[in-house]
Amino acid sequence: MSTLSFLVSSSPSSTSRTGTLRLTRSDGTSLSLNTPGLVTATSRGVVPHLSPDLCAQTAAVRWVHTSFESFLDHNPTVPTLFQGKNALACFLGHSPSTILSLSLRDPGDVRLMPPNGDAHVSAVCVRGVRKVTPASWRSYVQSCDPDITFALTDVPFTAPPYSQKRLIKSVERSLAWLADVLRSDFTNTDHARPSNIFVHMAGGTEPAARAAFSEGLVTALYDKEAEAVKPLKTLDEGVAGYTFDLAPLRVTLGDRLLHHSKIAAALVPETIETADLTEHTDNLIELMNANLKPLPRDKPRLVNSCTGPHEILKMVKGVGVDLFDAAWAQRAADIGIALDFQFPVPERLRNSAEQGDSPTGKWNIGYNLYDQAYAHDFHSLLCDDTLICPCIACTAAPSSLCLQHSIIDSPRVITSASPFTRAYLHHLLHTHEMSSHALLTAHNLSVLDAFFGGIRKVLGRDGGNKVLVEEVRVFCDVYDASSALFDQALRCWAQVELARGKGRLAREKVIDST
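Under the working numbering, the first residue of the sequence shown carries the number 632, and numbering increases by one thereafter.
One or more of the hints may lead you astray.
Keeping only pairs whose Cα atoms sit at most 25 Å apart, straight-line, the calculated DSS-like set for lysine-lysine is [said to hold, decoys possible]:
# : residue 1 : residue 2
1 : Lys800    : Lys762
2 : Lys930    : Lys1088
3 : Lys930    : Lys948
4 : Lys930    : Lys864
5 : Lys924    : Lys800
6 : Lys948    : Lys1088
7 : Lys924    : Lys864
8 : Lys930    : Lys945
9 : Lys864    : Lys800
In case anyone wonders, no lab produced these hints; they're calculated from the structure.
Please build the complete structure, drawing on both the sequences and the hints.
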């Protein structure tokens, strides 16, 4: 059984904070993660576009999160057939130096679903909807043995708005299901109680309901409820951390979420209305603080489905969030965006009178490499040549192996390698090369990891919180917070995706003739 500890470095009076999360496994292995930091999203348990060896070369991949619902298409579920310690991590091929967390549902999936029941959660896989009971979830967790487990929660995925009665039911079910996973009467004595439980903050978009859920976590238990989870006196004593899934909250608040939606190319509209990616951030911060007010501050806080660096900074400043999933940066790689932003903002952009490259006159947070403007751009992915991005695209390391395809091939060892250029990535994207998305994913994760390193550096200064407030203001003044870059890239991606099977030269000839 692994143990999770979290040490907050900042003073209790400050909202924004730094910390160190440490995981110690039963074999003595100890892993640490500095916060604020990132969590890498997966699809069917693997990081999209990155093979295990590429993940090993990407230093930003320290914690990966897996949703179990994608494995429900077979009965019994395939991962549960793999036995042993850290069974799921071994089955998926993740490195022992990587933290693995497991939830039932994909935190970014907001499609309409059948309602949950008192004794089941509706989950979706490629073969349709499955009903998962709390007992089934305990069994899956015992078999998979993840480092961190997310408790079941009752989040409605029917059409909003939701009545007060539905929100009350959501709070009550979520507390009951948390108590169920914390029960100590498991039949398997090797897994008396799952360790390192993260709980999703329930209550919808009503601050009162969210506060009521948190009060339920810290309220003392009595009689049968206390007997079931002994020696715990409250549910919160069995909780290792708190998680916020923002995607369903955005749907209720009216966000269209198009810039992060994984939709078919044929369904991408020709015209997309540009949106402010921080439109609902202030409302979300209010809801999150309603949850956190009654709770202790010495446990990590994880946010899923943030929209970009602007929202991350506001939540670090206004809530004190410790961990953010990187799904938005990985989605950017899916549609051909190479991220390029820094925190704190570099001097060359602070004092520059030059207009940015976005429609608002600010600087975009990256480049749409599908754009023809990059066809002959032989710069590296980062605009600042003084920076060295450690990703496999910008710091290409020569292979130590030489593949000899015949006996007459001479062993030639390459001693140096140049970074891949924007023009090369542009070419790979337009020719449907899988390596394009692998390189972009590794790059975007590395840029985001450096971004969090900058946040920690600012907070580590004297008067770090005041400095952070000023640096966030400068960042928002310099970098564009609209969805224009994502919208443009999504349209370009759809055009190339729909052209599969047609030669690039023939496509461009048709375009040039019109």
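Given hint Lys800 paired with Lys864 - CA-CA distance at most 25 Å: Holds, at about 23 Å.
Satisfaction of hint between Lys864 and Lys924, Cα-Cα up to 25 Å: 20 Å, holds
Straight-line alpha-carbon gap Lys930 to Lys864, limit 25 Å: 17 Å, holds
Hinted pair Lys930 and Lys948, Cα distance within 25 Å: 17 Å, holds
Straight-line alpha-carbon gap Lys948 to Lys1088, limit 25 Å: 14 Å, holds
Satisfaction of hint between Lys1088 and Lys930, Cα-Cα up to 25 Å: Judged against 25 Å, a Cα distance of about 21 Å means the pair holds.
Hint consistency between Lys930 and Lys945 [alpha-carbon to alpha-carbon, up to 25 Å]: Status holds; Cα separation ~20 Å.
Pairwise hint evaluation, Lys762 against Lys800, where the allowed Cα distance is 25 Å at most: 18 Å, holds
Straight-line alpha-carbon gap Lys924 to Lys800, limit 25 Å: Within the cut-off at roughly 22 Å; holds.
Every hint from the earlier list agrees with this structure, and none is contradicted.
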